[in-house]
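Chains as they are written, first to last, in full-length UniProt numbering: chain A, 1 to 210; chain B, 1 to 210.
Just so you know, these hints were derived from the structure itself, not from any lab. One or more of the hints may lead you astray.
Quick list of in silico lysine-lysine cross-link-like pairs, DSSO-like style, CA-CA up to 27 Å [stated by the list, open to error]:
(1) B:K2 / A:K117
(2) B:K2 / B:K111
(3) A:K111 / B:K111
(4) A:K194 / A:K22
So these bits of chain A aren't anywhere near chain B, every CB distance computed over 10 Å [as the list claims (entries may be wrong)]:
(5) A91
(6) I128
(7) L186
(8) N205
Ideal Cβ placement from N, Cα and C applies to all residues, glycine included.
Protein chains: 2
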Amino acid sequence: MKLYGYWRSTTSYRVRIALNLKGLDYDQTSVDLVAGEQQDADYATLNPGQGVPTLVLDDGTVLTQSLAIIDYLDATYPDPAFLPTDAVARAKVLAAAHTIAMDIHPVNNLKVVGRLKSEHGASTDDSINWMHHWMTDGFHAYQGLLPEGPIFSFSDTPTLADICLVAQLYNAHRWGVDMTPFQRLLQIEEAAMKLPAFEAARPENQPDAT
Amino acid sequence: MKLYGYWRSTTSYRVRIALNLKGLDYDQTSVDLVAGEQQDADYATLNPGQGVPTLVLDDGTVLTQSLAIIDYLDATYPDPAFLPTDAVARAKVLAAAHTIAMDIHPVNNLKVVGRLKSEHGASTDDSINWMHHWMTDGFHAYQGLLPEGPIFSFSDTPTLADICLVAQLYNAHRWGVDMTPFQRLLQIEEAAMKLPAFEAARPENQPDAT
Numbered sequence: 001m002k003l004y005g006y007w008r009s010t011t012s013y014r015v016r017i018a019l020n021l022k023g024l025d026y027d028q029t030s031v032d033l034v035a036g037e038q039q040d041a042d043y044a045t046l047n048p049g050q051g052v053p054t055l056v057l058d059d060g061t062v063l064t065q066s067l068a069i070i071d072y073l074d075a076t077y078p079d080p081a082f083l084p085t086d087a088v089a090r091a092k093v094l095a096a097a098h099t100i101a102m103d104i105h106p107v108n109n110l111k112v113v114g115r116l117k118s119e120h121g122a123s124t125d126d127s128i129n130w131m132h133h134w135m136t137d138g139f140h141a142y143q144g145l146l147p148e149g150p151i152f153s154f155s156d157t158p159t160l161a162d163i164c165l166v167a168q169l170y171n172a173h174r175w176g177v178d179m180t181p182f183q184r185l186l187q188i189e190e191a192a193m194k195l196p197a198f199e200a201a202r203p204e205n206q207p208d209a210t
Numbered sequence: 001m002k003l004y005g006y007w008r009s010t011t012s013y014r015v016r017i018a019l020n021l022k023g024l025d026y027d028q029t030s031v032d033l034v035a036g037e038q039q040d041a042d043y044a045t046l047n048p049g050q051g052v053p054t055l056v057l058d059d060g061t062v063l064t065q066s067l068a069i070i071d072y073l074d075a076t077y078p079d080p081a082f083l084p085t086d087a088v089a090r091a092k093v094l095a096a097a098h099t100i101a102m103d104i105h106p107v108n109n110l111k112v113v114g115r116l117k118s119e120h121g122a123s124t125d126d127s128i129n130w131m132h133h134w135m136t137d138g139f140h141a142y143q144g145l146l147p148e149g150p151i152f153s154f155s156d157t158p159t160l161a162d163i164c165l166v167a168q169l170y171n172a173h174r175w176g177v178d179m180t181p182f183q184r185l186l187q188i189e190e191a192a193m194k195l196p197a198f199e200a201a202r203p204e205n206q207p208d209a210t
């Protein structure tokens, strides 16, 4: 399998964690988002959304969108499972994952923040405030969905929610979000980072990290 | 089941379509997003994300996030299925659904566009341009993921992708997006609107429509 991604992209980070948790080997090809490589014609043919990640399977099948890729991995390599089997429990994990993947990440995406600057005159400080706002809001919502007790968000093994959370927390630290109200999230991050699958997936540990 | 939603919310619209396609009865409670009712303390306890939709099951279980709710419905009431069983085919439908649900909708959300105006001085025209931009971009990506041939996006019966698409197209029409490049999407919408499940779910047909 070949993963097209970018070290600092939190959606690429999600897929790296998932591949590592499943114990799968993969090659990485860097798509430099800051240099705009996602808009290159060849890459845009592979991924019409002109984003990362893209996973190309050994038979040439092209998969896009991080959570769709992770769904494929979970269906094809069921152990360890990223979602509970019970329909309600599964929906609760998905809701937390989507709180990160839909309510926070897209609004803070490089291209969205870029447009905020280019079209709406946002300064660097304005754009950092914008990102802080959506992360703080979303982390409160996420924390409000968590049960008491387990090591990770919903259980003693990581689920899709933890995969999304840990990747987003990288971004929160990068941009200096005040994490004081989110001690539970930091505990989950600490537990995750003890697992080699998460540690190896960290942005800083990727070949294209600068 | 009780659905907390809002007639113009496209995420509520998705869940209404899903409930109707499954042939399920449900009561609706309106949460007026424009009046800010999603921030009322009682509602925020039910849905820490302070958004719609929320589905409360007959046993009191509370589900949030539209695609997590639809996942629950699909798992619990499997006929008609919203996703293929093959892992690759399923990931392709999910990728298209997420192109709408992650790349378009969150960035054009009422609260995001509201902040663009309140914090970044965007005029009404600016905010309409913002919405047009992300819809146009995302519809190109969505169209690029579609196979040739079927009536709906991926098959001759609607999938999760169509549910997300039709709800987003309501928004596109509402804000006057130029749909000339997206004839395939309009064909899908036309086919969907012939089905009573989609027609009954339309924003205009809801009790809280004004």
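Now the hints, each set against the structure:
no., hint, in the structure
1, B:K2 / A:K117, "violated (42 Å)"
2, B:K2 / B:K111, "holds (24 Å)"
3, A:K111 / B:K111, "holds (19 Å)"
4, A:K194 / A:K22, "holds (16 Å)"
5, A91, "violated (4 Å)"
6, I128, "holds (12 Å)"
7, L186, "holds (18 Å)"
8, N205, "holds (26 Å)"
Violation of the numbered hints given earlier is confined to hints 1, 5; the remaining hints are satisfied by the structure.
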